[in-house]
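Asks: Could you put the whole structure together from the sequences, leaning on the hints where they help?
The listed protein sequences derive, respectively, from chains A and B. First residue of the first sequence: 1, per this note's numbering; consecutive thereafter. First residue of the second sequence: 1, per this note's numbering; consecutive thereafter.
Rather than coming from a laboratory, the hints here were simulated on the basis of the structure. Remember, predicted model here, so these are calculated numbers, not experimental data. A few of these clues could be false.
[As the list claims (entries may be wrong)] Simulated crosslink set (DSBU-like; lysine-lysine; CA at most 30 Å straight-line): (1) 214/A x 17/B; (2) 144/A x 296/A; (3) 195/A x 295/A; (4) 17/B x 195/A; (5) 195/A x 104/A; (6) 17/B x 65/B.
[Stated by the list, open to error] Label pairs and their computed distance ranges (CB to CB): (7) 283/A x 42/B: 25 to 35 Å; (8) 210/A x 51/B: 52 to 62 Å; (9) 278/A x 24/B: 15 to 25 Å; (10) 202/A x 117/B: 52 to 62 Å; (11) 51/B x 184/A: 23 to 33 Å; (12) 209/A x 24/B: 18 to 28 Å; (13) 102/B x 287/A: 21 to 31 Å; (14) 32/B x 218/A: 43 to 53 Å; (15) 250/A x 102/B: 18 to 28 Å; (16) 239/A x 77/B: 17 to 27 Å; (17) 49/A x 85/B: 52 to 62 Å; (18) 24/B x 218/A: 54 to 64 Å; (19) 102/B x 257/A: 46 to 56 Å.
[Unchecked claim] Listed below are several chain A residues computed to face chain B (Cβ distance under 8 Å; list not exhaustive): (20) 3; (21) 5; (22) 35; (23) 71; (24) 72; (25) 79; (26) 90; (27) 92; (28) 96; (29) 111; (30) 114; (31) 276.
Even for Gly, the Cβ is constructed at its ideal location relative to N, Cα and C.
Residue strings, one per chain:
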Amino acid sequence: MQIHTIDREEMPLRQHFFVAGAICRVSTNSPAIMNALWQWRCSHDAAGVRSFNLDVRVGSLGDRTDHGTPHFRGRDHLVFATFSDRDLFVFDLCRRSVVGFVSKQTAEDRRFWTTLLIPIALGVLGPAIGLVPVHAACLDWNGKGLMIAGASGAGKSTLAVALSQRGFSLLSDDWTYVAQEGPSVTAYGISAPVKLLADAPLFFPELSRFEPAKSLNGEMAFEVDAGWTFGSPVQSQSNPSWLVLLERVAQTGCEMARLVGDNMWTFFERNLERLPATLAETDVRRSETIAELTKKDCWLLRYGGPPQIAAEALRQFCEGM
Amino acid sequence: MKSSQTALCTEPPDLLKRFVPTPLCASLQFENALVHVQTNDLSILNVLREYETHSASRHPQFVWKLVRDDVQLPLQPPTIIHHDPVTFASMGPACLVAVDHEKRELFAFLGIAVDASTLRFHVLPLLHELTQSASVRATEDLIPDHKISSMSTSNA
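Replies: Next comes the structure, spelled out in structure tokens:
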């Protein structure tokens, strides 16, 4: 039985990256992986900052021969992910580490690291390092964060893009990473591409030069850089002031009503990944962060029709506050 | 204005199969190792029964949690990675195994391709060997200067 050993101390390349409010300590034998993550590089490993290790070895097993659907399984503190017949990752929530063994092709695929692996690592390990992934878009309006929560298909991404065309800075369109930092709550985004469904060119003609492609969950969608495609201002963090729960309705129009924070808390809690009993303390800390977040001003937004209608209503709302 | 969909959704599905109950249990004897097995599948348990021991007096050295998965993909050649203190093995999505040496636990997800014969002749030897390796590594950790030559490891 041949065992391929991945030893952090023996990896020739090591670098710290700062992504979504967390330090990611990477060790690898691949310069291509370092280059892919370079946008997040940082020079130091500040004590007390949330952190995790990412140790990746490019193996000698040859090139991947399939591009299979990503496959995830988990038990207790360990989560497996396979992306092809040559790419294997294990996430260890107890030890706050990600270990990968990948093909040379995957190592050289920049999009894989920036739009797939890092968001997945933050989603899986986030709760273990004090970073809570919440199913919400996030934008910034003059230093105040606006988080837009809603079920899949509710229109978070289209509304986020429409808002970014009205002076809001975009942090994220789908998943936002929230951390409790002293008495305040900070929201982080990772500049991931925005994902818009196949009918989005109806509202955003800028998309007419692109073709939709199959996304991670099998949907046909446009996954584009918001800054480059729409000229959206993008930033990496904000302090949430308003939380909006989005509900789509058939009739064109828009209305807002105050929402009790408990309802927003329930929405976030029900969308969290369940954690095993062995991570009970992590689960408690995560709930505390959600509770702190939902003390902010919470609203229900019901809208139907083009996203620009709701975006304009939200702009006026934020401007008037 | 009437709502077309409810915003408050139900509990998310267990996409990782993290919470699949494993109520079927057995104690197995592999050479010197006593293993407590938990699984959700009777066909897995039936294959393991030939190693079953009824001496419940000893504390198990290892716990195996073997989850029958509905993955229908074929098995691939095994890739085995060690990153202290966890060893993981993949034969593709149809067979994923992780061994936590410190916690003395082994998890495995076994797809449809792992039938009784494959389990007996291919997967079980792998699980056994990973368990033995974990025991050896644990011994090495306890006695740092002790070199165990029987284990073949190499850097890729």
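Asks: All hints are to be evaluated individually against the structure, with a verdict given for each.
Replies: Status of the hints after comparison with the structure:
1. 214/A x 17/B: 24 Å, holds
2. 144/A x 296/A: With a Cα-Cα distance of about 11 Å, the restraint between residue 144/A and residue 296/A holds, given a limit of 30 Å.
3. 195/A x 295/A: 29 Å, holds
4. 17/B x 195/A: At roughly 26 Å apart (the allowed maximum being 30 Å), residue 195/A and residue 17/B satisfy the hint.
5. 195/A x 104/A: Holds - the C-alpha atoms of residue 104/A and residue 195/A are around 27 Å apart, at most 30 Å.
6. 17/B x 65/B: 12 Å, holds
7. 283/A x 42/B: 25 to 35 Å: 32 Å, holds
8. 210/A x 51/B: 52 to 62 Å: 57 Å, holds
9. 278/A x 24/B: 15 to 25 Å: 21 Å, holds
10. 202/A x 117/B: 52 to 62 Å: Between residue 202/A and residue 117/B, where Cβ atoms are some 55 Å apart, the hint holds.
11. 51/B x 184/A: 23 to 33 Å: With a Cβ separation near 57 Å, residue 51/B and residue 184/A fall outside 23 to 33 Å, so the hint is violated.
12. 209/A x 24/B: 18 to 28 Å: 56 Å, violated
13. 102/B x 287/A: 21 to 31 Å: At 28 Å between Cβs, range holds.
14. 32/B x 218/A: 43 to 53 Å: 48 Å, holds
15. 250/A x 102/B: 18 to 28 Å: This hint is violated: roughly 55 Å between Cβ atoms.
16. 239/A x 77/B: 17 to 27 Å: 51 Å, violated
17. 49/A x 85/B: 52 to 62 Å: 25 Å, violated
18. 24/B x 218/A: 54 to 64 Å: 33 Å, violated
19. 102/B x 257/A: 46 to 56 Å: Cβ of residue 102/B to Cβ of residue 257/A: about 52 Å, so the range 46 to 56 Å holds.
20. 3: 5 Å, holds
21. 5: 5 Å, holds
22. 35: Because about 21 Å separates residue 35/A from the closest Cβ in chain B, which is outside the 8 Å limit, the hint is violated.
23. 71: It holds, given that the least Cβ distance between residue 71/A and chain B is near 4 Å, below 8 Å.
24. 72: 5 Å, holds
25. 79: 6 Å, holds
26. 90: It holds, given that the least Cβ distance between residue 90/A and chain B is near 5 Å, below 8 Å.
27. 92: 6 Å, holds
28. 96: Hint on residue 96/A: violated, closest Cβ of chain B at ~13 Å, above 8 Å.
29. 111: 22 Å, violated
30. 114: Status violated, d = 23 Å.
31. 276: 6 Å, holds
Hints 11, 12, 15, 16, 17, 18, 22, 28, 29, 30 from the list above are not met by this structure, while the remaining hints are.
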